[in-house]
Structures are given as C-alpha cells and as structure tokens.
Amino acid sequence: MWTESAPDPFNYYIPTPDILSPVFGGIVINGPSTLNYDEDLGVLFLNDWSHTPVDTLYTIEQTGASFKLDNGLINGTNIYTVGRLAIVLIYPLFSIDNHTLKVIGNDLVPIHPYTTDVLDIAMGQRYDVIVRADQNSTSGSSFWMRAIPQET
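Here the numbering used here is used: the first residue of the sequence shown is 510, the next is one more, and so on.
Derived from the structure by calculation, the hints contain no laboratory data.
Cβ coordinates follow ideal geometry from the N, Cα and C atoms, glycine included.
Among the hints, erroneous ones may be present.
Claimed, not checked - Quick list of the computed label-pair ranges, beta carbon to beta carbon:
id, residue 1, residue 2, range
1, F652, D557, 20 to 28 Å
2, I620, T572, 45 to 53 Å
3, R655, A595, 37 to 45 Å
4, A595, D626, 12 to 20 Å
5, P622, R655, 35 to 43 Å
6, L628, F576, 32 to 40 Å
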C-alpha cells in the first residue's frame, strides 16, 4: 500500500517507441479530494490516436518534422474516414442509421451477398457484413448503431 503523498503523475512519462506502442490507459493515483462525491465513474479517456505505427511517428518526430494525428478518442472510440468496414454480428436485431449492410456470410459459410437496412439475427447465429462508411456527415450529425434485443 502506498503510504506517502500522491506522486506527481507527470514524472513518469517516458516518450520512447518501445514504451508507447503497447500502452493505452490510465493509472489512477488517488490523491486527496477537496470535495465529496456520490460515485466514482472511473477514468474518462481523452486522447489522440494515429493509425501510423508509433515507431514511424517517433522517427518523424526525431527529424523535427510535424505531423497530424488521425483522430481523437473519447473512451477509445470516435469516427474517422475509412471506406468499407467488416463486422461480425451475433444475435440481436442490428442496423446503422442511413447505412445499408452487405451480408457476405452466415455462420462461417459464404453466401450470395445481399444488402439490407436491418439484419434480423436469430439467437446463436453469426453474420459477416460489410458496411460502407461513406456517408457525408454534416456538422453535428450522427449515425446510430442499433442492436435491439429480440423477444424469445
């Protein structure tokens, strides 16, 4: 058990590729609190993200060149321009607002591809689908991904 004062969390940042690549998350060091609260919801991760390997970014940074990271994440999620996404779906009624699903497999068996707006998945079934993420998103618009439990 830590019995001394809470350490300064900024003293432990070591920016080297071998340290940064596999690490994601936060270390919570509970220091003194100046206000009571009802429930600790844990860490809300706010971070930037790159699809470029960290050792490549480190090499770029060492040359003094600048680069822009691909995305910002809130609790590990956000959006970025991609193209076609492969998703494996199991069980519930599934849809993505304003998107069609191209169904390409059922229970690990290739099938004749077809498109649908809503996929009705029976209990224990698996579907492989492709979603084309090419919808134009205007400022403030969202596309909800819906997984609706079905009655048995």
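So, going through the hints one by one against the coordinates:
no.	hint	in the structure
1	F652 <-> D557: 20 to 28 Å	holds (22 Å)
2	I620 <-> T572: 45 to 53 Å	holds (49 Å)
3	R655 <-> A595: 37 to 45 Å	violated (19 Å)
4	A595 <-> D626: 12 to 20 Å	holds (18 Å)
5	P622 <-> R655: 35 to 43 Å	violated (22 Å)
6	L628 <-> F576: 32 to 40 Å	holds (39 Å)
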